[in-house]
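S.K.: Letter by letter, the chains look like this.
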Amino acid sequence: MKKYMLDLRVTENVRPHAQYCLLKLTSEDQLPDMLPGQFVEVRVDHSPSTFLRRPISINFVDREKNELWLLIQLVGDGTRQLAEARVGDLINVVLPLGNGFTLPTEEIPTKRLLLVGGGVGTAPMLYLGACLKAKGYEPIFLLGARSAGDLQQLADFQRIGAIYATTEDGSYGEKGYVTNHSILNQLDFDQIYTCGPKPMMMAVAKFAHAKQIACEVSLENRMACGIGACLCCVEKDKTGHNVCVCKEGPVFNIEQLSWLS
Amino acid sequence: MAELSVQIGKLALKNPVMTASGTFGYGIEYADLMDITRLGGIFVKGTTEQPREGNDYPRMAETPSGMLNAVGLQNKGADYFVEHIYPAIKDIDTNMMVNVSGSSIETYVACAEKIAALDKIPAIELNISCPNVKQGGMAFGVTACGAAEVVRAVRKVYPKTLIVKLSPNVTDITEIARAVEAEGADAVSLINTMLGMAIDAERRKPLLSTITGGLSGPCVKPVALRMVWQTYKAVKIPIIGLGGISNWKDAVEFMLAGATAIQIGTYNFVDPTVGIQVIDGLNDYCDRHGFHSVKELTGALEV
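In order, the protein sequences belong to chains A and B.
If you count the first sequence from 1, position 244 lands on 244 in the working numbering, and the numbers rise without skipping.
If you count the second sequence from 1, position 233 lands on 233 in the working numbering, and the numbers rise without skipping.
Chain B on its own, in the form it takes in the complex (with noise of 0.2 Å):
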């Protein structure tokens, strides 16, 4: 047995496998069909300050290998979250963790402030990287200047772990996250969904309500191994690495590139269990291999 417990900023995983915001609920969901307690941890649903009722139908395009989405950030708000959801989810027994998403900086400040009130959230993934809002979200994340300025507004009322969800539609990814860091960020998360577009030849008309929506699935792992290399050599904080991830073999690469931990998304839909797959995976690899610990992974590549 390898020792599979890591450390983001002050945030103690058991173990490096995390499902992705969006794409596991608030964790119950899929509490009938396997020990979620199991997981390093959870993100639920991106939460904004005020409700928000997301785009209109379709939001969802299959394509190979994976998806677009055009959600939009369909939440109840942070109040409802605090009122109704904490209470049924504060006693599961991993890090149960919030992508916290806004309009302004305003808004991310008051999200972060009122999470950050709860005590059995030990951290926030700052969401500056939705492509599926017409304010806020990607806006922030594309440019070093906008990232930073809403890391440092965040930082000042956010006391415990703040990672940073970092978008792949930049030039030059790497500029983002030493922006980020340079701000206290304690560790930045990538990549969320990358901006992509399915149309219906027959009828002449977009598949997705938006048109344009995020691509996510295993058809964007090159790029999200890629863009964690990158980042890797640019920056001193941990990196939690996603995009794509669908077995433990993928998990492994993300941390060979260093990852310090990983998240899972889009598989979950395809098989939800695949996150307990993946951990016992990553303790047979070490084994395998000879690491006593899953630490001695991360930026273990040779090259």
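Excised from the complex, chain A in its bound form (with noise of 0.2 Å):
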């Protein structure tokens, strides 16, 4: 897909949560081409202690609205001064970058698809979700988070399709991790699509690799160019060899990883 460097104006700057910022972008041309489980390199001025972009997952595209949403966890410098954006600021994105999820492509949509995700993982889930109801599907998700506060964006999933939740202090949903959620239990999955913690990814993919189930991870390694010149966020595949998840990435299938050796 073509790649685009972009100055994209702050339409909204939501702050749902102290370590969470929402921001709406748009353009005055219509947004390119975006595919869920993509990313976007943000450059994030007036940030002294930071120099590089920060990868964030595209959370959503607004269509009618000709929005972009990126939900970014604050983590750091660069992530804290980007939740500073004012509605009219202008900031500079380069995407749309890596590899989407792989949408099914039944002709008439039967599949049964799991959409699991942990902490700010859940921001590819929505857009992701979205593309698969727009397909005919009827996601499932199951999002995981520390406490209720931490789970963001419910209303919005709400509307596409059912939410299984955990957290760990049993604040909402089931408490636990979302590898012990009663629904993996209750029903079959066709696919699962994940995106959270790299543990959880893991465990995650053990599961769905113990029930042949298909599915695909989206990993967030630390990245400097996201467009795979510098070879910077390797991750292993089953042969041993270095891939970029930038470019060969963010989404895998699991069995490209040597994560079930």
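Hint data in this document are derived by calculation from the structure and do not stem from the laboratory.
Computed from a predicted model, the values in this text were never measured in an experiment.
Wrong hints could be hidden among the right ones.
To be verified - These stretches of chain A come out as covered by chain B in the derived footprint (C-beta under 8 Å, 3 or more residues):
(1) 3-9
(2) 51-62
(3) 199-212
Claimed, not checked - Below, a list of computed lysine-lysine pairs in the BS3-like style, where the Cα atoms sit at most 27 Å apart:
(4) 76/B - 238/A
(5) 14/B - 205/B
(6) 134/B - 236/A
(7) 238/A - 134/B
(8) 2/A - 76/B
(9) 133/A - 24/A
(10) 295/B - 120/B
(11) 90/B - 2/A
(12) 3/A - 76/B
(13) 76/B - 236/A
(14) 249/B - 14/B
(15) 3/A - 90/B
(16) 247/A - 90/B
(17) 236/A - 233/B
(18) 198/A - 205/B
(19) 133/A - 2/A
(20) 247/A - 76/B
Backbone N, C-alpha and C define an ideal beta-carbon position, used for all residues, glycine too.
Since each chain sits alone in its own frame, please combine them into the complex, following the hints.
M.R.: Here it is in structure tokens:
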């Protein structure tokens, strides 16, 4: 897919939580095509202690409003600076980067699809769910967080599909981790998509593999260029070779990776 | 419009602005975002005779105004380059050059020979300064004797423009520069990354799998500029200056200190189009100061 470097204008900066901000960005021109699972590299100005762009997954693309949504977890100085963006500011982004999730290609949608997100890893699941719903699927979300307050965009998810949740303190949904949720034993799934902390994704991958369910994971290794030039963000594939998460991923079929061995 | 063309050995550049090895892939990665043919040249990713996996993840740590990397020359080897990458880049209308590395004299020579056979690669940059590999790399670049030995051997098999990339991790860079000049290098490029380190205090662990790595970005610019200036006074061959260049003004400074041409490295990650802006900025600077050719800037520092 053709990549672009664009100055996008902030239309909204929502702060649903002390540790998150939701930036809505627009352009005078029509935003380029973007696939669920792809990401953007956001330039951060006025952050003296940081230097590189921040890789942020595509949270949602609102075609009617010509808006790109980025759900950003405030983890360091760069993301904290991004959260200071005000309506009307221009933010420079390179997009779309990497490969998205593989969408099913059935003529009549019959597959049962589970979308598992943990922490800020729920972000790409919203756009993925919306794209699946547009194809006639009824995506099921399984979302995990530390506590009820950490679960983001529940109303948006609710409009797209059924939500099951776990929290580590039991304040919302079932108590524990996503891989312990009872829904996994109640329903049979044909495909799992997941994004979140690596230990969570590894557990989901192992569950899927044991049940012979196709599974794609979206990684967030530390990146510099985001485009396959610097080779910093590597992950080992199943043959032991280092592959760039930014270019060969960030979405991988778990059978491609070394996690299961 | 000032004359922007410069000459490095037998290599003619339409302008002095190139991208540094390891920071711009094979050029094609950036073709969507800009007209890469406007660049004076592109140094592609470091290439070794045999494939290399590179170091384990994590390989990168951000630092104030810069970054540390410990990629460790991951590449698919010279044969793969010749068969699969060269055909895709050979017709790009700028100088496409290969950064050649090795773990022994023999592997440097073998890689240089394979690249020498490629018509559309007009120059190589001999990397004797990579701090991220256990054998070879910087080991050759930190002594005058080691640097001379590898340049002498490669010079015998490489007739085109031979550029030698120098390490800043030495007591006296001019000694190394003089040694490679004496062995027939057509030019030197400097600086490669500076050996550095980053620690996660909370976890009490290093941020890189290799513990130490190469520092680059605007934070190294003053050191690079000083070394270009010292080297300019020590050798007659052209100098390609690099190290933290992020705008046209930085490029002018490197040329005033003695560089004939420059490379942009780490800043490509922040703004891939920085090279184009530097070309335009150099032209404006020359016009503004009455220089007919950008060549007049080289060493024009008034001291």
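S.K.: Determine for every hint whether it applies to the structure shown.
M.R.: So, going through the hints one by one against the coordinates:
Counting residues of the stretch 3-9 of chain A whose C-beta sits closer than 8 Å to any C-beta of chain B gives 3, which meets the bar of three, so the coverage hint holds. With 3 residues carrying a beta carbon less than 8 Å from a beta carbon of chain B, the stretch 51-62 of chain A meets the three-residue requirement, and the given coverage holds. Figure legend: the stretch 199-212 of chain A, annotated as covered by chain B; annotation inconsistent (0 residues with Cβ-Cβ distances under 8 Å, at least 3 required). At roughly 17 Å between alpha-carbon atoms, residue 76/B and residue 238/A fall within 27 Å of each other, so this suggested pair holds.
A distance of roughly 47 Å separates the Cα atoms of residue 14/B and residue 205/B; the hinted pair therefore is violated under the 27 Å criterion. A hinted pair counts as satisfied when its Cα atoms are at most 27 Å apart, and residue 134/B with residue 236/A qualifies at roughly 21 Å. Between residue 238/A and residue 134/B the alpha-carbon distance is near 25 Å, which keeps this suggested pair within the 27 Å criterion. With a CA separation close to 25 Å, the supplied pair residue 2/A and residue 76/B stays within the 27 Å bound.
As the CA atoms of residue 133/A and residue 24/A are separated by approximately 22 Å, the hinted pair is consistent with the 27 Å bound. In summary, the hint linking residue 295/B to residue 120/B is supported, as the alpha carbons are separated by about 25 Å, within the 27 Å threshold. Among the hinted pairs, residue 90/B with residue 2/A is consistent with the structure: their alpha-carbon atoms are about 21 Å apart, no more than 27 Å. For the hint pairing residue 3/A with residue 76/B, the CA-to-CA distance comes to about 25 Å; that is within 27 Å, so the pair holds.
This hinted pair checks out: residue 76/B and residue 236/A have alpha carbons roughly 15 Å apart, not beyond 27 Å. For the hint linking residue 249/B to residue 14/B, the alpha-carbon distance of about 19 Å falls within 27 Å, and the restraint holds. For the proposed pair residue 3/A and residue 90/B, the alpha carbon gap of about 22 Å is at most 27 Å, so the pair holds. The hinted pair formed by residue 247/A and residue 90/B meets the criterion: a straight-line CA distance of about 22 Å does not exceed 27 Å.
Taking the CA atoms of residue 236/A and residue 233/B, the gap is near 47 Å; set against the 27 Å cutoff, the hint is violated. Proximity of residue 198/A to residue 205/B is assessed by CA-CA distance (about 19 Å); at most 27 Å being required, the pair is judged to hold. Of the pairs offered as hints, the one joining residue 133/A and residue 2/A holds, with about 25 Å between alpha carbons and a cut-off of 27 Å not exceeded. For the hint pairing residue 247/A with residue 76/B, the CA-to-CA distance comes to about 16 Å; that is within 27 Å, so the pair holds.
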